[in-house]
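**Student:** One-letter residues, chain by chain:
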Amino acid sequence: MLKQSGYGIVIVIGVVLAVLTVLEYLMAINHVGAALLMLVAALKAILVIYFFMHVSRLWTAEGEH
Amino acid sequence: MAAVTTTAQAAALHHDTHAGHDNYAAQLRMNRLGLWLFFISEAFLFGGLLATRFFLWGADTRPELDQTIGLIVTSVLLISSVSMRLAETAMERGNRRAFSIFILLTALFGLIFLGGVMIYEWGLFPAIYKGHLTPWDNKYGAVVFAMTGMHALHVISGIVFILIVWNLARKGSFSPERHWGVESCAIYWHYVDVVWIFFYPALYLIGNVVHIAAH
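These protein sequences, in sequence, are chains A and B.
Its first residue numbered 1, the first sequence is counted upward by one per residue in the working numbering.
Its first residue numbered 1, the second sequence is counted upward by one per residue in the working numbering.
So that you can see chain B by itself, here it is in the shape it has in the complex:
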């Protein structure tokens, strides 16, 4: 009788564990779908900005922006995507030390990108670099600030997201089996990168330079 009870309890436990896994897997699928639907809604926002750029500047003009800085900040953001993917791989393999290093590196690259944009595109620190564009003077400044400003907001929120995930990981909230927080943070960061992949040629490469007098 006792043996039958134990077997039944074991079967029930196995059933519960299995059901728990199924629930988690179903939840994970829903989470992923939700995140991608969010990205689609965001694509309308960034797509609108991109359309504005081509509507106002056409395909044959662009403002004078520092090409070297453009290439550097773009490379930094691409490298940050690589380091973020490495962080995720480290978490999948249970390598917490590598995870911490790569995810903090990603945040650092994000900060470097932001610094590059704020100093050399916006000219926020004239002592270092005197910018020649303002958001209100002409269509070139307005579009540059709108596009880079909206993108920078997402970079800032991505860095905050990264620091929250890093702190949670430090406290042991994720495991190689269950780390949706890490995965969602990584996917969000890559999305920010994808947006810049389209913004970079639109702002820096397409069209001929129009010289604008400094104010």
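In isolation and in its complexed conformation, chain A is listed as follows:
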């Protein structure tokens, strides 16, 4: 899926990660609890693991080269 969609999806994910990082920072300034901050971090990690680290290739033939 990612292979076909190419550079565009990479940029979109990059922008989403940047927005979430700024959100994290603003949440911290407003003294939001640790659990919520770690939740945002987990969301960012899931995006990186799914879209950049190709975790789905472990159980599919996608991206075989």
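Bear in mind the hints are in silico, worked out from the structure with no lab data behind them.
Computed from a predicted model, the values in this text were never measured in an experiment.
Only part of the chain B face toward chain A is listed, based on derived beta-carbon distances under 8 angstroms: (1) Leu33; (2) Trp36; (3) Leu71; (4) Thr74; (5) Val82; (6) Tyr191; (7) Val194; (8) Pro201; (9) Ile206.
Virtual Cβ for every residue (Gly too), placed ideally from N, Cα, C.
Chain A is fixed; fit chain B onto it per the hints.
**Tutor:** Okay, now just chain B, sitting in the frame of chain A:
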């Protein structure tokens, strides 16, 4: 008779090529599994450091670290993940020039991240920035140095890995069809990024600042 022999040879060649592809695909699956098992083992190391942070500092304290620097180095590492993924996409598409540019950019971002950590978190160059934490004075310095130190070691090894892969690619060792070296290097770099995604809030954002006297 000659025609039959040629057909048989062609069939054998096709069979060999097919078998070779199957072997490569099977090897690739094993490589990927092995790399992810390595990441799981590493997760225990970083998870232990994260648990140490919460055990020693609790969820309500943290040392005074420069927020602007924290946000900048975190952004740089995230951008490096994007450039690494772009490098991998370029290799998949056979665009070697774009691959070289993006992978070298990734190494450069990694170096900027390291510079930020060494200068502004560790205070290794007092002429530029005088740090107020040491690894031995209190629990805040000890945890900051342990977490950022272990992460920085992985960033350094990632940069070395990137330069090796770039050099191999320059010599033509990878193709759009076969580039496990590139893929593994990229996945490793993203893993280093994922670790920092959890370390950033743990070090910079969670808890109230505890002021520590400079030494």
